[in-house]
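Could you put the whole structure together from the sequences, leaning on the hints where they help?
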Amino acid sequence: MSAPVIFDRSREEIEEEANGDVFDIEIGVSDPEKVGDGMNAYMAYRVTTKTSLSMFSKSEFSVKRRFSDFLGLHSKLASKYLHVGYIVPPAPEKSIVGMTKVKVGKEDSSSTEFVEKRRAALERYLQRTVKHPTLLQDPDLRQFLESSELPRAVNTQALSGAGILRMVNKAADAVNKMTIKMNESDAWFEEKQQQFENLDQQLRKLHASVEALVCHRKELSANTAAFAKSAAMLGNSEDHTALSRALSQLAEVEEKIDQLHQEQAFADFYMFSELLSDYIRLIAAVKGVFDHRMKCWQKWEDAQITLLKKRETEAKMMVANKPDKIQQAKNEIREWEAKVQQGERDFEQISKTIRKEVGRFEKERVKDFKTVIIKYLESLVQTQQQLIKYWEAFLPEAKAIA
Amino acid sequence: MEGRQAGKESKPSSVSVDLQGDSSLQVEISDAVSERDKVKFTVQTKSCLPHFTQLEFSVVRQHEEFIWLHDAYVENEEYAGLIIPPAPPRPDFEASREKLQKLGEGDSSITREEFAKMKQELEAEYLAIFKKTVAMHEVFLQRLAAHPTLRRDHNFFVFLEYGQDLSVRGKNRKELLGGYLRNIVKSADEALITRMSGLKEVDDFFEHERTFLLEYHTRIRDACLRADRVMYSHKCLADDYIPISAALNSLGVQEVNQLKMSFLKLAEFFERLRKLEGRVASDEDLKLSDMLRYYMRDSQAAKDLLYRRLRALADYENANKALDKARTRNREVRTAESHQQRCCQRFERLSDSAKQELMDFKSRRVISFRKNLIELAELELKHAKASTLLLWNTLLTLKGEP
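Chains as they are written, first to last, in this note's numbering: chain G, 1 to 402; chain F, 1 to 402.
Simulated from the structure, these hints should not be mistaken for lab results.
Built from N, CA and C at the ideal position, the CB exists for glycine as well.
Mixed in with the good hints there might be a few duds.
Simulated coverage check for chain F against chain G, where a stretch passes if three residues somewhere in it have a Cβ under 8 Å from a Cβ of chain G [stated by the list, open to error]: (1) 117-129; (2) 248-261; (3) 374-387.
Derived pair list, reagent style DSBU-like, types lysine-lysine, alpha-carbon separation capped at 35 Å [to be verified]: (4) Lys58/G x Lys375/G; (5) Lys382/F x Lys389/G; (6) Lys218/G x Lys131/F; (7) Lys275/F x Lys102/F; (8) Lys399/G x Lys131/F; (9) Lys399/F x Lys205/G.
The following block contains the structure:
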């Protein structure tokens with residue numbers, strides 16, 4: 001069983017893109033393959049790109065990548081774009097436990113599940129990244145998608161999605177500890193930050209509840225399977241022929257229903273739960289971007305303070321009549337005036353970028369959620385329709401007991 | 001917590017009692033009240049039989065008095081050849097009360113609405129347990145009233161008519177002891193019935209019944225336990241929808257964009273789904289779990305009948321041996337002869353009546369399974385169709401938005 005493709009788009013859909021941008025690129029991550037043995041083993045994934053964009057030399061191509069390659073890509077993009085206000089989608093989390101099981105060759109369902117979960121997460125990660133018009137232009141991204149050989153990303157410890165977020169969070173903490181009472185001239189930023197904070201809280205709550213749902217649905221499946229077996233046994237014991245037959249049929253129905261529950265649990269997880277956990281991490285990236293703006297403001301503010309000090313120094317030197325020191329002071333003043341100007345420009349730039357980014361992010365978020373909600377409800381419909389089929393087939397069997 | 005039982009329609013009954021068109025003795029539990037640690041049942045009788053002084057009368061009975069009645073039947077030699085209807089289980093609100101208490105001590109992280117819904121669920125659960133215990137006690141009496149021999153028992157009349165309480169309460173220690181003794185006797189019976197004692201069965205019919213019942217009882221017990229677990233999982237699932245709906249509602253309230261409508265609609269959807277899922281759980285409980293549980297007990301009662309018959313056969317064989325011995329020694333031959341004759345007659349009487357009882361057991365079982373399986377399938381269909389409709393409507397609303 002593979003995770004549902006939530007970013008499946010038909011040609012028509014792509015052409016109907018609202019504001020006329022031709023977003024025409026599709027990424028698939030597939031065919032997980034174990035390479036090597038023992039603790040040095042790793043999973044290689046096939047990354048396939050289908051596109052009609054002219055920046056790519058071919059319209060369809062694929063490469064093999066391993067997990068650390070994805071982390072490497074993310075770290076490069078994060079280091080280039082996060083601090084200037086771009087919301088860089090976070091990479092999937094590392095998992096020591098999950099990966100170890102795979103490495104030591106445990107061929108059980110939990111490691112298959114783990115690999116599938118990771119594959120789906122990597123696919124969603126790339127899809128989100130290429131959807132970002134600025135990131136799409138990045139040469140590192142292109143290299144990742146196109147080149148057959150990629151230099152091995154070293155020291156991915158610090159480069160994991162979690163690592164980046166930790167860096168972002170540390171920066172945020174540092175900022176908070178400086179007790180920046182930033183003179184927020186723009187209420188929009190404060191409002192948005194609050195909104196994202198609330199959204200984060202609510203999404204976490206919802207995510208926890210959905211995780212409980214997935215767990216209980218899996219239990220229901222297991223219990224249904226156990227009941228099916230005991231119903232079959234009971235049917236075997238029953239010495240009234242027609243009733244025995246009906247009980248066997250009941251056992252078969254329950255077995256099929258167990259299968260349904262498993263598929264539904266799948267949908268619960270991959271559509272609902274994973275969407276929420278993706279957005280919880282995305283919002284962390286958004287918060288990080290806001291914090292970078294604060295840092296940027298602080299830098300500008302510090303430059304202004306330093307400039308003031310330099311002017312004071314100049315005045316002091318003028319009074320003390322030390323011509324060479326005066327010249328030095330004048331030089332420093334020029335230097336810091338330039339820094340203040342740069343600081344202001346940077347701050348305005350990051351503010352502008354963030355506004356645009358947040359607008360784009362919100363649009364994506366609305367589309368994402370709406371699409372997934374509909375797909376999820378459709379999965380529920382499918383389950384119910386199957387249930388109807390199974391019980392309708394069983395009813396005459398029950399009536400036939402004479 | 002108090003509960004009241006009112007009206008026939010509200011009683012769930014997975015076991016139907018066929019009165020065979022005889023309305024000369026009608027018994028029902030017309031009312032019941034649950035107090036701190038006991039339930040008081042109002043047993044109403046309508047009868048034109050000469051044993052009673054009135055045509056219609058009621059008494060109040062507690063669980064222990066039902067047990068007293070059951071034990072009186074079991075201990076009565078006259079009924080040794082009959083299947084004694086299984087005693088109703090003790091009313092057990094412990095788990096439900098604990099849950100309500102835990103909710104009261106509660107968790108400050110849940111909203112007032114969530115709390116209200118959870119309380120509602122637990123109260124409904126309490127009420128369902130209450131209704132079930134009433135139904136179990138009622139069915140016990142109704143089977144007695146329907147049985148041509150059992151209905152004429154003097155203790156039964158006393159139970160139905162005697163206005164004062166029967167002073168059989170507070171015999172807990174005796175009951176416990178009685179329980180231990182019963183278990184010891186039972187193991188001896190098990191040995192008998194599983195042929196460890198080398199007793200030779202003379203009748204094919206009973207040989208078949210013995211093999212059948214042993215296996216059947218074990219398997220139906222298994223099926224019952226597993227059906228309980230399925231029902232429990234369904235309930236957990238339904239309960240999971242409460243926090244999900246609440247979180248979605250909070251999300252919807254906070255949103256400023258098009259997702260507002262989506263989240264609020266989805267919250268409403270999960271609330272409705274919860275009710276449907278809850279109904280699925282309770283219907284499975286009634287039509288499947290309860291039915292299996294009842295026939296588990298009834299098949300035990302049938303096994304008890306077989307034990308009694310085998311004991312009679314053992315007595316008969318021993319009497320034969322004693323007679324042979326007496327004849328060889330030519331001592332007390334007449335006593336031995338009359339003892340042997342009595343044993344023979346008793347054994348034959350038991351065998352005849354047991355045969356009829358076991359055939360009735362089979363037809364009762366088949367009728368009940370048929371009825372419940374049909375009703376189960378019909379209810380499952382009803383709920384699946386309602387869920388599908390709900391899903392279609394929700395999807396229509398969500399897709400219809402810009």
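ask   = Which earlier hints turn out false for this structure, listed by number in ascending order?
value = 1
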